[in-house]
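S.K.: Residues per chain, in single letters:
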Amino acid sequence: VTTDLALDGAPRKNGELVFDEPWQARAFGIAIAVTENRDLAWDDFRHHLMASVGDAPERPYWESWLAALETWLAEIEMVQQLAPPGATR
Amino acid sequence: VSFAGHHHPKPMSDLEARAAAIESLLVEKGVITSEQVDAVIEIFQKDLGPMNGATVVARAWVDPGYKQRLLSDGTAAIRELGFGGVEGENMRVLENTGAVHNVVVCTLCSCYPWPVLGLPPNWYKDFAYRSRMVREPRAVLAEMGLDLAEDIELRVWDSSAEIRYMVLPERPEGTGGLTEGELAQLVTRDGMVGVAAV
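Chains A and B, in that order, are what the protein sequence lines are.
Sequence positions in the first sequence follow my numbering and run 1 to 89.
Sequence positions in the second sequence follow my numbering and run 90 to 287.
Source of the hints: derived by calculation from the structure; they are not laboratory data.
Incorrect hints may appear among the rest.
Once the Cα atoms are required to be at most 20 angstroms apart in a straight line, the calculated DMTMM-like pairs of lysine to aspartate or glutamate come out as [as the list claims (entries may be wrong)]: (1) Lys-156(B) with Glu-269(B); (2) Lys-118(B) with Glu-77(A); (3) Lys-135(B) with Asp-44(A).
Partial chain A-side listing against chain B, Cβ under 8 angstroms, derived [said to hold, decoys possible]: (4) Leu-40; (5) Leu-69; (6) Leu-73; (7) Ala-74.
Idealized CB from N, CA, C, for every residue including glycine.
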């Protein structure tokens, strides 16, 4: 994890639990980790997230996140085999 | 997806299975490690959150020079206190006054200033909030418990583009004797999104 994301200091209270289920946290952490390791701009992923949310506005948020992760990774050719047919743009 | 014949104590949901498949493929390809994903989650659950924003707000309440810098260059002033990074590269701080109330929404997804507020709460990501806050903001605020007087100008800011917004709430009356640290305890996440008064 780069220092860009890390902050010093004692643990602080974080408002409320943001992940309802562990897979949501994994999907979140994967997007950040890939962005850091491949030195990508966060916007690359964010644009996929916007498209995914726009495709199904009432779908639960983390499901849209997961779908965005799949199309994004397919687009940057990291995990082609995960892309559902026709999902790449 | 059928898991007949598998031996999970509790069957994996389709969503769990998809997330796990992505992670194991990326690990296998050497793109990420699971420990790195653990570390990212840990940071967002422990180190990033509204207490950072509260620190910024309390400083602005006690230090007029800091407040001025915060309102003119939010990113730099927030960085002065050690907060910055992804989703906080282009910060704009909006001052609530007796005449103007600001509220923040992201109509297209969930853009939110992570370094100062952490990850957004569920309601912020809901379709209802994202769509209604621009159409009928006063009604939404009233439903969330904030009744704004008619003569207060309401400004709604959409974070979908490059800028991330944070609201600087008004300092509550009768807090003249409090220290900066005590003031920070009064500041809430909802106050910094603009859906509650402080």
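S.K.: Decide, hint by hint, whether the structure agrees.
M.R.: Okay, the hints, checked on the actual structure:
1. Lys-156(B) with Glu-269(B): With a Cα-Cα distance of about 14 angstroms, the restraint between Lys-156(B) and Glu-269(B) holds, given a limit of 20 angstroms.
2. Lys-118(B) with Glu-77(A): holds (12 angstroms)
3. Lys-135(B) with Asp-44(A): violated (26 angstroms)
4. Leu-40: violated (11 angstroms)
5. Leu-69: Result: holds, 6 angstroms to nearest chain B Cβ.
6. Leu-73: holds (7 angstroms)
7. Ala-74: It is violated, given that the least Cβ distance between Ala-74(A) and chain B is near 10 angstroms, above 8 angstroms.
In the structure shown, a violation is registered for the earlier hints numbered 3, 4, 7, in ascending order.
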